[in-house]
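As they're listed, the protein sequences go chains A and B. Residue -2 is where the first sequence starts when you use the working numbering, and the numbers rise one by one after that. Residue -14 is where the second sequence starts when you use the working numbering, and the numbers rise one by one after that.
Worth flagging that the hints you see were computed from the coordinates, not collected in a lab. Quantities reported herein were computed from a predicted structural model and do not represent experimental measurements. The beta-carbon is built from N, C-alpha and C at its ideal position, and this holds for glycine as well. Heads up, some of the hints might be wrong.
Stated by the list, open to error - For lysine-lysine, the following BS3-like pairs were computed, each having C-alpha atoms within a straight-line distance of at most 25 Å:
id, chain 1, residue 1, chain 2, residue 2
1, B, K367, A, K241
2, B, K529, A, K163
3, B, K333, A, K252
4, B, K367, A, K237
5, B, K367, A, K163
6, B, K333, B, K382
7, A, K2, A, K326
8, A, K281, B, K529
9, B, K529, A, K237
10, A, K337, A, K326
11, A, K163, A, K269
What the hints assert, rightly or not - Every beta carbon over 12 Å from chain B, so not counted as near; a handful from chain A, in silico:
id, residue
12, N57
13, S72
14, S111
15, Y118
16, G165
17, T194
18, H212
19, H218
20, Q239
21, D320
22, A327
23, V330
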Amino acid sequence: MSQQKVAIVGAGPAGLQAAATLVSLGVSVEIFERNGSPGGHLKQWHALFPHFQNATHALNPLLNGVKGITMHLGSKVSEISHNGNTWRLLSDDGLKYESDAVLLTTGFNLFDASRKEEYGYGVYPGVVTSAQLEEMFNGQRPWPFDKSLAAPKIGFVHCVGSRDVKCGNRFCSKVCCVTAVKQAIEIRKRFSDSAVTCFYMDLRMYGLGFEELYHEAQVNHQVQFIRGRLSEASPAVSGKIQVKAEDTLMGRPLKLTLDMLVLMVGMEPAVKLTAQNNHLALGKPGFGDGFMADRELNTPEYLQVTPGLFVAGACKGPASLPDTIQDAKAVSVDVYNFLKTKS
Amino acid sequence: MYHPFVLPFVVGFSVMGVVLVARYIYWLRGMSPGNRQRVLWGFFSRSTLLAVKEILQESLLHLKIFRVNPLLGFMHASLAFGWFMLIVGGKLETWYYTGNFFNPPYYAIFFRYFEPLTEGFWMNGVLLFYMELSLLIVLSGLSIAVVKRIRKKVVGMNNTTRHNPANRIALFFLWMVFPLRLMAESATVAVHGGGSFLTTVTSSLFLSHDWAVWLELPLWWAYSTGLGLFFLALPFSRYLHIPTEMVMLLLKKWGVQPEPGFNPEKGVQAFEVHSCPGCGVCLDVCPAMGAGINSFQSAYFVRQVRAGHNYETIADMCLNCGACKEACPVGISLESLRLDARSHLHRKANFDHRYLHGTMTLWRDTTEVVLYTGCMGRINPKTTQAVKSLLHEAGVKFIHLDEHESICCGRPMALAGAAEQAKMLIQRNRELIHGQNGQLLVTTCPICYRYFSSEYDLNIPVLHHSQFLWQLIETQKLNRHKGNLRYAYHDPCELGRGANCYDEPRNLLYTVGELVALSSERNKALCCGNNIGSLTLAEEQKQKITANTLTVLSENSPDYIVTACPMCKNTLSRQSTLPVRDLAEVMLECKEVNVAGSRTRKKQASVNVTP
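Bound conformation, chain B alone:
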């Protein structure tokens, strides 16, 4: 049960094992005592079973990708699950054949060479068939992968990742491994007979007996070498994701928290960084891609993080729309990873927050609503005015917290990577908000809204104005009739993907008019092309993103483009040929029209309605 050709595999496999264990131990040692505790608690709990289920669903079957793109899903599933089937089958074969559960790993992998003629129903009938079926599944996935590299559109992808040399080498060996296995097994079948539906056909197709005798051993050598070299390259290439993703899923299910700060070589963050397969799903969903910018997408960002340099500038160029995080089949916390990566960018900046101590805390009588319009509200006075008019109309008792003075909510600081500075603003703002004695905080800015809800820990609920206005409509404190103006709604990233608020804005627009369908909306909505926390992406590039988004918003010739974020409105309206409004402005304008009586549809020169 030994032949020297197994050596390349044994060496490659052993080196991989040593490197993996060393790296994993190093990463795990970086965990805080609290996280270690979580691992211990979680290990013998239901979480482990749930993690195993998820590993089966995502690491092997790739169900998330399957749902989005069946062909791509099949490609990943057949490669991963097919290989898994081969490993399990190999184990069963050797177990059944020898009667021992433990055998050298190479024995299972090169089983057909060592035991070309097995006998019996289980060995020849079932297991042999199963093994060849598994190999066929892997090979079918592999052929799709090859097609994907050459003609990506065939598998429904517009973009594939540009790989660096280490990844290309590993990819080359991975591609070689399974065809070589098929050829080696076919040669053995041609020499000794045996084989099931696949190898009997392939051996008769291209191998005469004489040639097979001559080629059999070199092919097994080649297969072993290819496999060994792939395993050797694995810990140093993107294929490290294969074992790492499984560990990451376990750690996450056990509730392990990322260590504070940016730690690509420490704790759960290290496992996340190295779980990225570079599959390229994040490329197609990135709004910048549509604008021809292909330098800072998540696959490239994570790769730079692994390489350990230049990742800060890449992280800072991204506008944080969250589309990649939403689409990532591995579930990597791309957004927080990116923000943490930015933390070093502004470490030399001298933030002066002495003024915070001079801001008065006002204690007031009980009021229904505390309105906070934020800095973006200041550059969108029409939105602020509209919301206040609507609140007056509905008879809501409110105070405008930042009518004259305001402190930033802190999110721009956090987006720029200055988490500590953001905390100072949070603390001061929280005091101010609590000091108002209100029952509800309403903000017109999704950026503030998301931050208030996630980071502030307030003693009153927070609503975005679209949610509050919808409540007012539902309780009939505000009354509107349906008109026939057509609106295209732009989902702000911070409100949609960021805070999962998709329906209330749409409900409001349904109430007053028609909502046109868009090719990218809800969680696939495109970015407006702006961000308050990243300043390095060139204005021209941002404008390309905006133009691309406006094309989608205009595709069904709406009368208005409507959004619910003052920054989106500001950015879109500068470039749009169609009028851009905030939801509140639309609701206010509809009142005037409703009062005036029937409304007539605005005649448009180029009405091009495609259903």
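Chain A on its own, in the form it takes in the complex:
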């Protein structure tokens, strides 16, 4: 078959992996990425659960795999349309591209923690997100408390913006529980006299090695796990944060003064597909708009009846890095088979 072309939207792990797989199958690929560099959220991450693998060790093979592939960085695709056998992409900067198939790997956005004003993100400097904590581990961001502090007290709030009907996100973001456990252990390793408390709804240790990590956090690292939601965070003396919660297992209210409060922000879809006349617009999702697996894939007007449009990775729903990479490989084979039947 003559070399057929696939446009990939998004250069996160899913997009990079899919590009490498498709090229190895003899398909011509071009990648469109709205940010200035590839790698998605992974490039800001420090270490990965459950084995504390260095994130750059996971990212580098993905970047090496796409060497020689044309990548349009800083190019935000705003619409795609289908005409006969040809797909047309249009980006905000006026770029046009035609291909035989389109693969959307648009990934996720982190939940904007300032939407939960009661936790004080953006109000008190000691309140940070889980992603910012990774940057602190990386040395890219200063710690919000004095590092020479003898025994810093640090709290983690699970499910910030996930499983939260009031925020329009009913779903579980899946990876935050084990991420919090991983980060709690890292804190305990870094600050040997620190005290770490996790506030959770319930812990979802679904993957291999996750439960073991949770056990290790309690037994070897004395991380406290309290089942209860935080009711509020308020300022205490000298930049500390006072949190109130209910220990629902003990059935009593709880008050703690912390040096840092980490909000485990969940995932939200980065892009919403909307059918407009004869094209699909890639827009900003609104309140309560779910992932593509929830909405667009089930909408018969497009995707399922539109041959040549494929979706992979975390834009379909919350996913861990290994899940995303495996999905990208699997969908790449679907794309390859589709191109083969077409030629």
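Knowing the structure of chain A, use the given hints to seat chain B on it.
Quick look at chain B alone, frame taken from chain A:
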């Protein structure tokens, strides 16, 4: 002066009279001695005259509805006042004709049958004309009512009440009564002659003499039967409101207070419950209606209360924005009625308030302002911080009463129907507030503000922070320049309709920028979609209300949505694509911009300004 056809009317009318008197006596007997005293004192006072005036204005002329919707007002006025004119005219006719003031009631109602050919200027010239004019007025109102049932939009209503069978039966007879009267009178005119401008025309239009002879008596029978059946149905349908509303207005003017608790069959509350005509004005103003929720509106709530079941769940679903109370043409105390109806919901809940006794009363030096930010302030730290910064900037000496510990103001308890529990909180909080030795209490929460002002009986004045900030601007303790950012202001229910505070927040926004006009604002403002006291309305439904309100707030593309209630802010900001701020945050941000010098209007991708 008698014919057997009057019997259906006489029976219906008598049964209605007996039932009404029995029910009214039963309700009145439920009044406390204090209220009975008020009735006695009020009976021979000016209040009675004022009540009569109000009965004329509202029960008959329906001026309140008229002001809002002239066509709808005309419909109600022509039905009620027209009928009233017929009753008065009937009395005058029989009085003048017989020379006796007292005649059997059926004689006046079926006067045209008994006396088809009256003579003289007054009887034939004036009274006959007047009676037919009155009938025409009623019929014109009736035709609007029929149109309203079929095409409600024609009379400017988006929603009409869904009636239950008893009401539909009564409605059917009411609709039948006046056309039947017209036809019966026309038949009599066709047979005997006489009649004025209306019946002479109608009789010549569709009744030949032969037919009229044959039809006259059956038509009078039908008219009497229709009227009798309507009166029979009246005490058991929504039309009970017709006599009850008048008694309610009297009782209210005499200052009769509702009996404590929920009493749909006792005292003034019973009269209120049965004064609801189910007119449906409360439906169109209900913010939930715009979100497609049509199960718990006041008309349905009151109907359930009368039916005596299921009213608690309906009462609990409502978010208490007060829009229906504001619009109710009868003036029923819907909000307190609803809260009282909730009182049974949580009777089994075990409220533990032992901690109240452990809270210290702090006696402090005199301070200018006691700041109370409430529980909602705790989940809106930006608002709290902004207010404190502004107070510092203005050089106001203040203490933050609930910076670390706080007791709820009690309003959520009251909203949940737990009035007794709320009283415990009020008492403890009052001690705390009085213990601060302050001159003024300022709160950032309209929910607390309304409760402090209405229930607390404090020894210092209470202001909402918007009012206090406006005072600071007026006295130039705070200085701001006008910028060109555009703000849409959301009236919080508790501050606007609840505490009648509409202007100060707007004045503040005028000071620093432009205020965009909205299609529903001030006392018609929509609910944010949340309430601290009712927990049964599903989150999805609340979010539909919020989305609907946000659509209105965004309609003129403002730069910011601004509100003055931490709960509204919390609810709106979760769903809004536009930034949502508290007034205090806006005032603080404007300082920074003002200090930085000139400001430039933020460029927006989709500026769509409709004047």
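Results of checking the hints against the structure:
| no. | hint | in the structure |
| --- | --- | --- |
| 1 | K367(B) / K241(A) | holds, 18 Å |
| 2 | K529(B) / K163(A) | holds, 12 Å |
| 3 | K333(B) / K252(A) | violated, 29 Å |
| 4 | K367(B) / K237(A) | holds, 17 Å |
| 5 | K367(B) / K163(A) | holds, 19 Å |
| 6 | K333(B) / K382(B) | violated, 45 Å |
| 7 | K2(A) / K326(A) | holds, 17 Å |
| 8 | K281(A) / K529(B) | holds, 20 Å |
| 9 | K529(B) / K237(A) | violated, 38 Å |
| 10 | K337(A) / K326(A) | holds, 17 Å |
| 11 | K163(A) / K269(A) | holds, 20 Å |
| 12 | N57 | holds, 38 Å |
| 13 | S72 | holds, 19 Å |
| 14 | S111 | violated, 9 Å |
| 15 | Y118 | violated, 10 Å |
| 16 | G165 | violated, 7 Å |
| 17 | T194 | holds, 20 Å |
| 18 | H212 | holds, 35 Å |
| 19 | H218 | holds, 31 Å |
| 20 | Q239 | violated, 8 Å |
| 21 | D320 | holds, 29 Å |
| 22 | A327 | holds, 34 Å |
| 23 | V330 | holds, 39 Å |
Hint compliance for this structure: hints 3, 6, 9, 14, 15, 16, 20 are broken, all remaining hints hold.
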